[in-house]
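Chemist: Next come the chains, spelled out residue by residue.
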Amino acid sequence: MNTQTTTKKLMQYLPGIVLLLMICMAIAPSLSFGQDSAGGATGTINDVAAATPGKPTLEEIGATAGHNKISINMTWTLICGFLVMFMQAGFAMVETGFTQKKNVAHTMGMNFLVYALGMFGFWVCGFAIMFGGGLNVAALGGAAGVESHEYVISLFGHDFGIAGTVGFFLNSKVYDVTVFSLFLFQMVFMDTTATIPTGSMAERWSMKSFILFALFISMFVYPLYGNWVWGGGWLAMLGGNFGLGHGMVDFAGSSVVHLVGGVAALAGAIVIGPRIGKYNADGTVNTIPGHNIPMAIVGTFILAFGWFGFNAGSTLAGTDLHISVIAVNTMMAGTAGCLSALLYMMVRGEKPDPGMLANGLLAGLVAITAPCAFVNSISSVIIGGIAGLLVIVVYNFLDRKLKIDDPVGAFAVHGANGAWGCIALGLFADGTYGDGWNGVKGNVTGLFYGDASQLYAQLIGVAVCFIFVFIVMYTFFKISNKITPIRVPAADEIAGLDIPEMGVKGYLD
Amino acid sequence: MNTQTTTKKLMQYLPGIVLLLMICMAIAPSLSFGQDSAGGATGTINDVAAATPGKPTLEEIGATAGHNKISINMTWTLICGFLVMFMQAGFAMVETGFTQKKNVAHTMGMNFLVYALGMFGFWVCGFAIMFGGGLNVAALGGAAGVESHEYVISLFGHDFGIAGTVGFFLNSKVYDVTVFSLFLFQMVFMDTTATIPTGSMAERWSMKSFILFALFISMFVYPLYGNWVWGGGWLAMLGGNFGLGHGMVDFAGSSVVHLVGGVAALAGAIVIGPRIGKYNADGTVNTIPGHNIPMAIVGTFILAFGWFGFNAGSTLAGTDLHISVIAVNTMMAGTAGCLSALLYMMVRGEKPDPGMLANGLLAGLVAITAPCAFVNSISSVIIGGIAGLLVIVVYNFLDRKLKIDDPVGAFAVHGANGAWGCIALGLFADGTYGDGWNGVKGNVTGLFYGDASQLYAQLIGVAVCFIFVFIVMYTFFKISNKITPIRVPAADEIAGLDIPEMGVKGYLD
Amino acid sequence: MNTQTTTKKLMQYLPGIVLLLMICMAIAPSLSFGQDSAGGATGTINDVAAATPGKPTLEEIGATAGHNKISINMTWTLICGFLVMFMQAGFAMVETGFTQKKNVAHTMGMNFLVYALGMFGFWVCGFAIMFGGGLNVAALGGAAGVESHEYVISLFGHDFGIAGTVGFFLNSKVYDVTVFSLFLFQMVFMDTTATIPTGSMAERWSMKSFILFALFISMFVYPLYGNWVWGGGWLAMLGGNFGLGHGMVDFAGSSVVHLVGGVAALAGAIVIGPRIGKYNADGTVNTIPGHNIPMAIVGTFILAFGWFGFNAGSTLAGTDLHISVIAVNTMMAGTAGCLSALLYMMVRGEKPDPGMLANGLLAGLVAITAPCAFVNSISSVIIGGIAGLLVIVVYNFLDRKLKIDDPVGAFAVHGANGAWGCIALGLFADGTYGDGWNGVKGNVTGLFYGDASQLYAQLIGVAVCFIFVFIVMYTFFKISNKITPIRVPAADEIAGLDIPEMGVKGYLD
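Those protein sequences? They're chains A, B and C, same order as listed.
In terms of my numbering, the first sequence is residues 1219 to 1727.
In terms of my numbering, the second sequence is residues 1219 to 1727.
In terms of my numbering, the third sequence is residues 1219 to 1727.
Mixed in with the good hints, there may be bad ones.
Each pair may be met inside one copy or between any two copies, as identical chains are not told apart.
[Unchecked claim] Think about it this way: if two alpha-carbon atoms lie no more than 30 angstroms apart in a straight line, the pair counts; the simulated DSS-like pairs of lysine-lysine are:
no., residue 1, residue 2
1, Lys1391, Lys1659
2, Lys1696, Lys1619
3, Lys1320, Lys1696
4, Lys1391, Lys1319
5, Lys1391, Lys1320
6, Lys1723, Lys1273
7, Lys1319, Lys1723
8, Lys1696, Lys1569
9, Lys1319, Lys1569
10, Lys1569, Lys1496
11, Lys1496, Lys1696
12, Lys1320, Lys1569
13, Lys1723, Lys1619
14, Lys1569, Lys1426
15, Lys1621, Lys1273
Keep in mind that the hints were calculated from the coordinates and are not lab data.
Produce the entire structure from the sequences given, and follow the hints as far as they go.
Modeler: See the structure below:
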């Protein structure tokens, strides 16, 4: 189009715009909506439900204030839980973006199904096993009528909580608004764990085997370890039983969520073996690049977005004002991870690979997940910065030395840094937080601030997680392989899994 | 890169890392930020605005507690409304992903424009028609100064509310913070309805015809039916007038939002006719697969994410602690829908088509939308499970038997399951909730818990919705076709609508 | 598959479904979960922490009510901040979608890195410079123990605040939960500014030069102007010092965020020069269309979603019930911008280009950002409607007349409409809001409602922003070009920046 003509045409609009402005000037005052005049809208005393309207008693006001407190805690917990649920989309995009075009429907399909399968398994028995021994819903208003019962083993004169036994199918014994809040928040955490191995085993895992896995981990493996740390089980008891700090402490799941998922991913990657074409006969390694960087980067942003809910929501209380410190630490550690990965690559004269930048950010987020509430902002930068290096080192070690093919670096991100996060808590916890959170008595203090015993508890917790999950999941993958083959036929793998496994192609022209 | 060289290089970093750790150990304690010491930060009594600072009276504390309650309700309603708005992105992605590559700019464009057009129409008159007869903003703090007036017909000795008449252009008569909250929350619901037919009529609808539609449904059709159920109109009055339960009850819009949208989608698909190439002369049916599964799956996740706001936000109150039950029921029904669709396909020996899994999940979400607050978690699994089968059966029936071409299954998802959700409420409502919500008196009870009359009210509501919306929209599409052709030229349809309708291609190499 | 066979097969399920329904009818009542019976769950007086359980004193109830108020404000501020952070994904998608396929890894990479780099720079010194002179955390509960100190110049008998000097590295002097909330919320705003120039300079900017830019703008440029308007600096003092309205007022950042970013984008686009192939030797202009409309449209939805947090969150208080008016004004202005752009194109007989529709919506959002809290809903439609025209006119003027190549229209959207938004505040502010917000005394009133002096303050603020940012950024880009070339080699630009700059291709087949 001719520029001059355009300008002329635009000039025709000018009188109209001037007229419009004049009209606005004329009518705008008469449209003045007045003040927010409605009495109720600004919250008068009448808003307190009172037996005698306008004359609330001390008891009535107290009841309203107490109910408000619970409401703040519950809305916070739920909204944070929604954000965590949205991370499923982030995981799906990161994993699909970083794998090959020929498998997109399959990788997406696994990430989609794991949400439903995991939720179902957790509803059937996972939640009951994990939390049915000590429903900690005090922040959400206590739950006077809710039973809880723990399966306990007594050894060496101590009790060791192993598993909860109340709440299967969210049945009538746990029908309580506070328990339902807890269920929602914990379910989405479990789904994060369950989706991690879909990355390490991508591009060769059969759907049927995957379905068995998703039910198994959500019903039994995640809930058991979760019970030991968060459900009042034996690792949480290390403090009381043996004087090791406050027992194993993990604020938002570096171990319970990420290390469990990462170790399961490692076991799976070992059992299923590397993708065809990944390793050459002469021992050299091929890089199989992802097919869609924008998808993976947007997925990473979604994960970083949801992680605010993941970590800050783990107070289960919006009235715990420490949430702001947690949220800031979370984003600073992610940033530090991303930047240390960038620095590492720049120092080595490499290009800033977006995949490594994304994994650096995610590594920082994983590492800060356990200590986020207990450390200051400078410590969180240090923790995240180390995570950003660790993820590259561990990924390269697995990929090149151990020849374990983990297409998206699931173990390096979630496993190695899950462990690092738990240990970092034992080092950097500064003794300013902890008292009252999830039944903890007294603030949590790490080695650098004077309590070495907390570090021991953390090391035990990490070791137990690694050993327990690896053995169970390795065995599970081996046995499930007898029921239905874990790996798709070689011809399908080469051609792409979309048609043979899902019946449709992921992309069509 | 050589592995050994890498390892060597990494070794060079080790001393640095050790040094860094030692420095951390040295400086970290001195960086100790102290306790959260600031008085204000932990919320002292001074935070209550008092005429005499530090000496608040009973009245002042009561006012603060009351204002807090309203604030909790408003922030909850707004945040949930934001989540529902985000569902527009989900719908856009699902519809575009499940249609053809040659029409992506057009399908995206419709989904984008419907947000703006619908909002504008709802602002002009939709909101006034729907809620101007009974602005129910009690949960948001009452609104003493807000007028409302309903157009009422008297028949058989009863009053029948038909339409509201206050609040056009959100003018000064409704200028109140509580009304604006309601407007935002309700506007995003309306936009969900308006976007549903863009799925059933995709790949052949002309933009001009679509623009007329978007204004028509947002200004008149949605608001009228919405008035009858949510605005205090005649369907809500079935209880008081005729003793049918609590009148037609629909917690979050299985009928008001989804059934209206689904029936409009059906009328549109019938009037516009099937896509070229969908049905062969010999009566056989061609499947026209979607072009981008990842886009559709991520869109489904976004919808499931936003649905938490859709359903739990419909309390309009964060202080209504039932929100946790609603949120859990919502996600369980979606999961059950997805898994029953999976089971259906596995039983039949089919591959787990991601499209059907996504539609199963969405069907479960649509079905639970009406009853989510009134049923227990096991009932929600049953309701969702049935929805997951229903969506497949209805889709196949329309597609293969009736030869109605609905590219994304909009009627099967939103129409059939919207109806099923309303009926399910009449069956499964367990009498634990309802009193006080949106003017309802007493808890809502369905057939299985003893109140058959509630089921009758639901059946009437569903039938009225189907008849009213179908007749009006069928007529509208027929008439609007005289004003501007509803369907693009065949040549454009075959070549793709992006250039002829939008002027740009959706994807460029 | 044969339709009849399908129908027959489906019939086999009917008895099962009927049976299932009968079972449900039988068992559902026995699954009745009872009422929400737990005492704590409904919030009794016991929820107020009282020295004597069950007998809270007036002081204890007051403390709970005060703490609740702060909690509501903090959770609101944090959640809104999370939404703003998510806008980074939106910007990344819009910019990548509207540019060319050969540069996707580079455009995505810049948008990803700017999040980390900007956050780091803001943490190091940006936050201290911007807010270290007047930490306004009253809404978040005051912060008795937090120091703040402003660098001030005295001229003409008045003090002019220039920069804050407290809070580098979020160190121990500002360790306070309220300050951390403010940091999070303000950091994500800064990142919006920093990401705007990645649009105007896309497809030719070298990564190294970009890294310098990201640190420079987040550490110095954004914080300085931000200090002057939001940190209690000299532009905010124009009211007290010279009687110009309430000084420069910008509710959520039309100037501080968008105009700063837009002017920086303009300076960058001028210095770096147009893309190869954009302008022909004969003065004619080539359009270089975006490669992925769905990505850009979904990104726009994400931005509109996050903008609710951007604007309504800028109260820093969920107990400020004006949030609903702000949120409604925000969405109405966006819609008006989109529709006026649509109307403009339809009047001219053009197709509804999705790029222009998206930019129209964004323009409306940018323009309403400053005045959103001070105007009524009809004014917001007028402001947004003008913005939707302005963005097209300015874009065409730059693109065709001035021959400045701004691939995504960053200046037209953020610069021109940022300025328009600040001016619109000076015209349409209706005197119903402002008192108490960010230290403002008395409500803000614009020209049409009687206070011309407010308009002068706005014009000064806009002019200062344009002059200060343009000179500083133009100089910066010129100087940084000596350190490392701002522009990639021509061969790389033609071939695409993904491999030479990022080391990987954005898309792989």
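Chemist: Give a verdict on every hint.
Modeler: So, going through the hints one by one against the coordinates:
| no. | hint | in the structure |
| --- | --- | --- |
| 1 | Lys1391 <-> Lys1659 | both (28 angstroms within a copy, 28 angstroms between copies) |
| 2 | Lys1696 <-> Lys1619 | within (24 angstroms within a copy, 46 angstroms between copies) |
| 3 | Lys1320 <-> Lys1696 | within (27 angstroms within a copy, 44 angstroms between copies) |
| 4 | Lys1391 <-> Lys1319 | neither (48 angstroms within a copy, 51 angstroms between copies) |
| 5 | Lys1391 <-> Lys1320 | neither (48 angstroms within a copy, 54 angstroms between copies) |
| 6 | Lys1723 <-> Lys1273 | neither (67 angstroms within a copy, 66 angstroms between copies) |
| 7 | Lys1319 <-> Lys1723 | both (10 angstroms within a copy, 13 angstroms between copies) |
| 8 | Lys1696 <-> Lys1569 | between (40 angstroms within a copy, 24 angstroms between copies) |
| 9 | Lys1319 <-> Lys1569 | both (23 angstroms within a copy, 19 angstroms between copies) |
| 10 | Lys1569 <-> Lys1496 | both (22 angstroms within a copy, 28 angstroms between copies) |
| 11 | Lys1496 <-> Lys1696 | within (22 angstroms within a copy, 46 angstroms between copies) |
| 12 | Lys1320 <-> Lys1569 | both (27 angstroms within a copy, 17 angstroms between copies) |
| 13 | Lys1723 <-> Lys1619 | between (35 angstroms within a copy, 26 angstroms between copies) |
| 14 | Lys1569 <-> Lys1426 | between (40 angstroms within a copy, 10 angstroms between copies) |
| 15 | Lys1621 <-> Lys1273 | neither (75 angstroms within a copy, 66 angstroms between copies) |
Of the numbered hints listed earlier, those contradicted by the structure are 4, 5, 6, 15.
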